[in-house]
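Number of protein chains: 4
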Amino acid sequence: MENLFATERLRHLLPRIQAFVETELYPLETTDYLSGNFSVVEPLLLQKRARVKEAGLWGLHLSAADSGLDLTLCEFGQISEILARSPFGHFVFNTQAPDIGNTELLHKYAPEALKERYLKPLMAGEIRSCFSMTEPEFAGSNPTRMGTTAIKDGTDYLINGHKWFTSSADGAAFAVVMAVTNPDAARHRQASQILVPMDTPGVTLVRNIPIMGHSGDSWASHAELRYENVRVPQANLIGAEGAGFLLAQERLGPGRIHHCMRFIGIAERSFELMCRYAVSRELEEGTVLGDKQFIQGFIADSRAEIDAARLLVLRTARHIDELGAAAVREEISMIKFFTANTMLRVIDRAIQVHGALGMTSDILLSYWYVHERGARIYDGADEVHKSALARSILKGYGLDVKRKETR
Amino acid sequence: MENLFATERLRHLLPRIQAFVETELYPLETTDYLSGNFSVVEPLLLQKRARVKEAGLWGLHLSAADSGLDLTLCEFGQISEILARSPFGHFVFNTQAPDIGNTELLHKYAPEALKERYLKPLMAGEIRSCFSMTEPEFAGSNPTRMGTTAIKDGTDYLINGHKWFTSSADGAAFAVVMAVTNPDAARHRQASQILVPMDTPGVTLVRNIPIMGHSGDSWASHAELRYENVRVPQANLIGAEGAGFLLAQERLGPGRIHHCMRFIGIAERSFELMCRYAVSRELEEGTVLGDKQFIQGFIADSRAEIDAARLLVLRTARHIDELGAAAVREEISMIKFFTANTMLRVIDRAIQVHGALGMTSDILLSYWYVHERGARIYDGADEVHKSALARSILKGYGLDVKRKETR
Amino acid sequence: MENLFATERLRHLLPRIQAFVETELYPLETTDYLSGNFSVVEPLLLQKRARVKEAGLWGLHLSAADSGLDLTLCEFGQISEILARSPFGHFVFNTQAPDIGNTELLHKYAPEALKERYLKPLMAGEIRSCFSMTEPEFAGSNPTRMGTTAIKDGTDYLINGHKWFTSSADGAAFAVVMAVTNPDAARHRQASQILVPMDTPGVTLVRNIPIMGHSGDSWASHAELRYENVRVPQANLIGAEGAGFLLAQERLGPGRIHHCMRFIGIAERSFELMCRYAVSRELEEGTVLGDKQFIQGFIADSRAEIDAARLLVLRTARHIDELGAAAVREEISMIKFFTANTMLRVIDRAIQVHGALGMTSDILLSYWYVHERGARIYDGADEVHKSALARSILKGYGLDVKRKETR
Amino acid sequence: MENLFATERLRHLLPRIQAFVETELYPLETTDYLSGNFSVVEPLLLQKRARVKEAGLWGLHLSAADSGLDLTLCEFGQISEILARSPFGHFVFNTQAPDIGNTELLHKYAPEALKERYLKPLMAGEIRSCFSMTEPEFAGSNPTRMGTTAIKDGTDYLINGHKWFTSSADGAAFAVVMAVTNPDAARHRQASQILVPMDTPGVTLVRNIPIMGHSGDSWASHAELRYENVRVPQANLIGAEGAGFLLAQERLGPGRIHHCMRFIGIAERSFELMCRYAVSRELEEGTVLGDKQFIQGFIADSRAEIDAARLLVLRTARHIDELGAAAVREEISMIKFFTANTMLRVIDRAIQVHGALGMTSDILLSYWYVHERGARIYDGADEVHKSALARSILKGYGLDVKRKETR
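Protein chains in written order, with UniProt numbering: chain A, 1 to 407; chain B, 1 to 407; chain C, 1 to 407; chain D, 1 to 407.
None of these hints come from the bench; they were simulated from the model.
Note that this is a predicted model, so its numbers are computed, not measured.
Do not take every clue at face value.
[As the list claims (entries may be wrong)] Chain B residues, not near chain A, derived (Cβ > 10 Å throughout): (1) Met1; (2) Leu57; (3) Val180; (4) Gln234; (5) Ala235; (6) Arg276; (7) Ser361; (8) Arg376.
[As the list claims (entries may be wrong)] Label-pair restraints from in silico Cβ distances: (9) A:Asp70 x C:Leu323: 43 to 49 Å; (10) B:Glu272 x A:Ala19: 49 to 55 Å; (11) B:Thr204 x C:Tyr397: 33 to 39 Å.
Glycine is no exception: its CB is placed at the ideal position from the N, C-alpha and C atoms.
When you get a sec, could you build the whole thing from the sequences and use the hints?
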């Protein structure tokens with residue numbers, strides 16, 4: 001625990017959570033589970049969820065009103081790091097994306113009827129959900145360009161569109177769909193978020209997109225979807241009409257902390273695996289990998305970079321807690337690319353230290369090498385964040401940013 | 001074609017080969033083939049081999065005596081680059097590792113009887129083979145430490161050992177096995193190479209090791225094997241007894257050129273995919289990815305690095321042709337880490353330019369991201385080559401290298 | 001101010017100090033002063049010291065007993081950053097190395113008589129001092145190897161030795177000299193620190209060593225010195241005999257914070273210069289440097305890296321305040337290489353943004369490019385710190401570090 | 001010598017030149033000469049020029065008609081590398097920039113009268129010259145923006161303007177001045193090159209600009225100049241009116257090879273210094289720097305990078321020889337940033353290996369650290385070349401480059 005950000009309840013909670021992760025989840029890191037589809041390990045994970053509930057650790061992300069702990073973002077971020085040490089941690093604690101984001105969204109913006117029907121089972125871990133935004137036809141770096149429409153028809157919306165990278169759609173009970181409802185409004189005011197049950201006629205899961213050769217399944221999948229004349233009541237609107245981007249952006253603040261602390265957790269665990277192997281792998285009689293400066297360099301750089309990244313993220317989390325996300329937009333951009341790159345460097349070094357073993361599914365690292373490469377792409381590619389951050393900074397020095405944005 | 005290294009026959013051959021690869025093999029880069037096991041596409045590839053023969057392009061790596069072209073290493077390297085533009089190119093032309101290396105080995109060192117029985121069908125593409133050297137219990141950076149033994153018993157060898165990363169063992173007709181035959185000799189003189197038919201009793205393919213989550217199969221696999229009281233005639237010895245490391249090292253010279261030029265081909269194709277996407281992916285009305293300096297930076301750096309790497313490898317190939325591999329050991333180390341890292345950087349940039357699409361198996365890049373990470377590890381990790389290269393250089397300045405090696 | 005580490009008195013002090021630096025010291029950044037010897041600007045700086053005293057800002061580093069503020073290390077670190085924004089800041093506030101370190105040393109370990117005679121005028125800014133440790137004949141990475149000796153002769157020490165990189169010796173009133181007093185003790189117990197007045201017979205300032213072409217002078221210089229039969233009373237011993245390395249290491253804790261926060265201040269000011277130029281330098285009608293993504297990349301990366309480095313250093317400062325330096329040795333190693341490299345990258349990028357102007361002494365950047373390159377070398381080269389950090393970490397995983405150290 | 005590019009006469013010439021450089025010029029690398037102004041060593045260098053003539057090595061860059069050797073660019077490039085091993089090499093052989101470029105320019109484009117008067121003594125080393133193009137008011141990345149004008153007045157030009165970074169103006173006999181003569185022509189057709197004797201009334205050398213704290217003098221200086229109503233005959237026009245940029249660009253082709261091979265020479269010499277020190281500096285009994293993997297990594301990376309860069313440059317030189325510079329514009333961009341960055345990385349590593357000594361003027365490295373940082377800026381900053389290269393490549397993929405250039 002980074003003691004600058006320690007709190008009394010974290011001092012009690014974190015060791016218990018870490019013990020759970022180590023005792024209950026590390027043993028699941030078998031070659032089969034690391035190389036197989038999620039559905040193979042899922043039944044076991046659902047059993048582990050029962051253990052989480054028994055241990056009184058269920059619902060760590062929830063408000064007190066929902067039997068949660070009302071943790072600050074800075075506190076929950078530190079829990080997120082610990083959970084991320086296992087690839088199964090967040091799922092077992094029901095704090096996995098995109099459900100955690102949908103939980104926050106429904107909690108704040110859904111009408112009561114939707115809350116009753118969808119939020120409650122979501123918080124109980126009885127159903128899963130997805131968030132359907134990205135479209136193959138438009139560059140993700142400019143989210144306001146979108147082809148999916150939701151047209152009013154009586155008391156319903158009629159939704160048509162083509163989405164992909166709708167993570168965890170396979171098996172989800174509902175999707176939150178971004179669709180253009182107000183095409184004549186200003187660019188950032190055109191889209192809305194609408195809850196669409198996955199069993200609504202016209203919703204087709206075209207495929208789970210193979211990522212790095214893995215189609216995946218269930219929660220661990222990224223779907224291509226078609227919405228063809230999908231009809232849902234207008235009462236399924238979440239938040240105000242035209243507020244789709246606003247809500248999406250609001251989601252990004254806390255979501256960014258979750259993600260980045262997850263990156264830190266992965267980096268930290270990779271670091272431990274690297275160190276452990278470095279002291280145990282013998283090169284010749286009396287010499288182990290860790291005696292070599294190349295390996296020492298990997299370790300020293302990784303230690304400094306992970307510590308720096310963690311401090312950066314937790315500072316931002318505290319700022320969001322104290323000042324709100326809008327006040328620290330620059331920090332929220334900054335932690336994304338800094339942390340994602342740090343994680344990927346550490347994973348890569350840890351693999352290199354393990355040699356051939358590092359590429360196998362006998363250990364955890366290759367799983368992350370494959371599944372976390374996206375960290376530099378989703379939620380804003382490095383390049384998008386760097387440009388946005390720099391332009392925001394330069395605006396403070398007098399750069400006429402507006403002018404350029406219209407180019 | 002790099003015109004410094006152009007030859008008359010390459011001027012005729014290369015365009016024909018490239019046309020074949022583009023026409024016959026690019027269409028196989030479908031999502032299914034990129035994400036599926038090799039056995040799914042294999043039947044098609046075997047048909048393509050027939051087309052290669054029809055086109056008179058079979059056996060490009062062979063000597064004139066074997067109906068080949070007697071190409072220099074520098075010439076064949078340039079063909080290797082072109083073949084590598086498709087993940088199926090080398091297999092279809094029967095120039096894939098490890099068979100190409102075993103072909104060279106048997107050609108030079110196998111007794112006639114073995115040649116007749118194994119080399120001929122290997123050159124004809126009727127059988128496949130593997131090379132069984134690496135052991136899980138010993139660090140690859142020190143190849144002279146080895147647990148597998150071959151003990152003389154009558155006119156046979158009795159082989160016992162545990163190997164892994166025996167690539168393409170699945171479906172292979174025989175393995176060339178490294179085993180200690182002379183435990184009392186000097187360290188580099190203890191092992192021999194012995195041909196072991198895969199159907200010999202006692203040979204067990206434990207599993208195809210899952211790499212990055214993919215067990216793979218057939219040629220595209222990396223096996224763990226056990227040799228338990230495997231009995232083969234001593235006539236299966238390749239080269240002299242105790243010459244195992246010598247032969248393995250000899251294999252490394254040309255093999256390094258094959259590999260490195262393969263890396264160059266992969267990098268070049270990734271570069272093309274990156275450029276193509278950069279000019280076609282629209283960010284907003286009238287602006288494409290390629291208009292952005294971040295993307296331009298990826299492209300400019302990649303262009304320079306690939307050109308530099310290719311020159312470095314082809315220079316080494318020519319030197320091996322003219323002076324022999326022993327004379328340019330430093331260069332042979334140098335091209336390995338320089339080229340592998342160049343390739344991996346270019347693949348990574350190309351993925352980044354493609355955004356989410358880059359991670360999918362809808363295009364080629366993620367296939368290479370996953371399957372080529374090993375390039376910095378196998379045949380000597382970066383760290384091993386850098387240290388060896390530097391120590392060799394410093395020896396020229398008076399460093400007492402021997403003293404250190406014994407540490 | 002990084003608000004995680006803000007304190008009430010810093011909220012008052014920092015803006016006043018920053019205003020002083022900007023108003024009084026920025027105007028001194030003229031081409032002449034940036035390219036000339038220190039003695040040219042020194043008279044002006046001494047006047048500025050009077051202004052510091054008038055403003056009640058003198059002695060910020062001192063204890064309350066010495067009319068200072070008893071600031072924590074974490075507080076003073078933040079002041080150090082602000083002072084470092086001008087190359088003259090620390091000197092004008094009398095907090096410059098090596099005097100600040102000698103002040104701490106004498107304060108804690110000097111006998112009363114030495115304090116009266118040397119510490120008082122040092123704190124008053126009436127004299128300067130130096131610290132004479134490094135020797136040209138021995139690698140700095142192994143400080144326990146040393147040729148300088150101090151042999152007891154009656155009540156005196158007789159000192160003989162050859163030192164270099166004794167910074168600020170030119171014009172100093174005294175040196176603290178590291179010399180072997182106990183050659184038969186364990187390696188870390190052989191040397192002692194002895195105060196030697198510079199006018200003692202036998203002390204020769206051989207030269208101010210030209211660094212990057214600049215010999216420098218006065219405070220801004222690095223001397224080569226010879227000590228030939230230099231006789232000083234044994235009462236000039238600082239701390240216990242044989243405790244030289246211990247004291248030197250103790251000095252490193254707070255000294256590291258001073259240095260690293262100085263690096264941060266330099267990086268931050270360079271960042272500002274880069275941003276300012278980026279918004280003002282026109283490339284063509286309507287386009288400035290800051291509109292270009294390459295420049296935006298420099299800015300975004302620098303912003304993230306500086307913030308990360310500052311958090312890392314201030315965390316360590318707080319830990320030293322709370323737990324003592326001995327408890328956080330790893331952190332003290334880590335911040336050195338991380339921060340020095342961050343600073344040098346930011347300076348380099350800022351120069352690149354300025355183009356030809358960046359290399360001139362018309363602006364500040366080239367001054368730092370030249371004078372701060374040493375940051376990756378002095379007080380432990382990057383390589384030494386990385387190796388030490390990694391070995392300390394790996395010790396926690398069971399590495400037998402001792403064994404290796406003796407190699 | 002890179003044997004791919006060896007020629008018969010180089011086999012004779014290069015060893016002789018290298019012997020000269022080592023015997024005659026290395027001894028001049030004293031602390032005084034490395035830290036002092038050029039004028040201090042200049043008299044000695046002029047004596048060395050006499051030795052060059054005696055040795056029959058004068059005028060290596062000249063055509064046979066001018067008693068030169070008619071070397072190809074690829075041959076002279078390799079000589080340039082050897083000369084660059086000493087900071088005084090090019091000057092002593094009279095092949096220093098900007099005189100070598102002006103020699104080529106006058107040779108091809110000057111009217112006979114100017115040749116007689118200026119080219120002959122320039123080739124004889126009796127006078128020096130400068131090239132006056134860059135202006136402080138305009139960004140160097142866009143050379144077509146220029147404030148200096150040359151207006152016809154009778155048979156004269158009347159020149160007014162403000163220039164800086166006119167290298168070697170101090171002591172030069174004449175400047176070649178870029179000035180707008182045709183303000184109404186298309187952008188690239190507005191400027192002309194005019195020869196201006198430095199003693200013409202109205203030419204003022206404002207100052208030698210301090211670079212990294214060094215004003216320098218004589219040949220080793222970079223001047224700020226004012227041209228106020230400077231009157232020269234129109235017969236001093238070089239090439240056609242309006243052809244200024246064309247000639248400047250033509251100069252860039254061979255000039256780029258000279259520069260880049262100079263970078264290679266500097267890198268190679270730095271590499272040698274690094275290796276030499278690595279084997280001789282003892283860390284402890286029996287262990288030298290070169291035994292350490294960090295140092296080995298510096299050496300291995302440097303070796304590969306220098307070799308790669310050299311091959312890249314010599315390939316381009318050969319292409320220019322065979323195809324002309326216009327055919328290989330992309331290569332000419334590529335070698336600039338690749339080689340400059342390689343050189344600077346190698347210098348930096350070599351300094352790091354030398355520790356404190358590396359920063360001093362007791363050895364050569366800090367001289368280059370200071371004086372070669374500009375390599376990433378002058379003649380097109382890295383960023384300019386990368387963007388130009390990428391846009392040229394992408395044009396081949398269909399990018400509408402024109403459209404963007406007007407933005």
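Here is how each hint holds up against the structure:
1. For B:Met1, the shortest C-beta to C-beta distance to chain A comes to about 32 Å, beyond the 10 Å cut-off, and the non-interface label holds.
2. The claim that B:Leu57 is not at the interface with chain A holds, since no C-beta of that chain comes within 10 Å of its own (minimum 29 Å).
3. A cut-off of 10 Å between C-beta atoms confirms that B:Val180 is not in contact with chain A; the least separation is 16 Å.
4. With a least CB separation of 31 Å from chain A, B:Gln234 remains clear of the 10 Å interface cut-off, as annotated.
5. Its beta-carbon lying about 32 Å from the closest one in chain A, B:Ala235 satisfies the requirement of being farther than 10 Å from that chain.
6. The beta carbon of B:Arg276 is kept farther than 10 Å from every beta carbon of chain A, the shortest such distance being approximately 15 Å.
7. Not every Cβ of chain A is farther than 10 Å from the Cβ of B:Ser361; the closest lies at roughly 4 Å, contradicting the non-interface assignment.
8. Consistency note on B:Arg376: stated as away from chain A, yet its beta-carbon is not over 10 Å from all of that chain's, at 6 Å minimum.
9. Here the CB-CB span from A:Asp70 to C:Leu323 is close to 31 Å, at odds with the stated 43 to 49 Å.
10. A beta carbon spacing of about 51 Å between B:Glu272 and A:Ala19 agrees with the range 49 to 55 Å that was offered as a hint.
11. In this structure, B:Thr204 and C:Tyr397 meet the distance hint of 33 to 39 Å, their C-beta atoms being roughly 35 Å apart.
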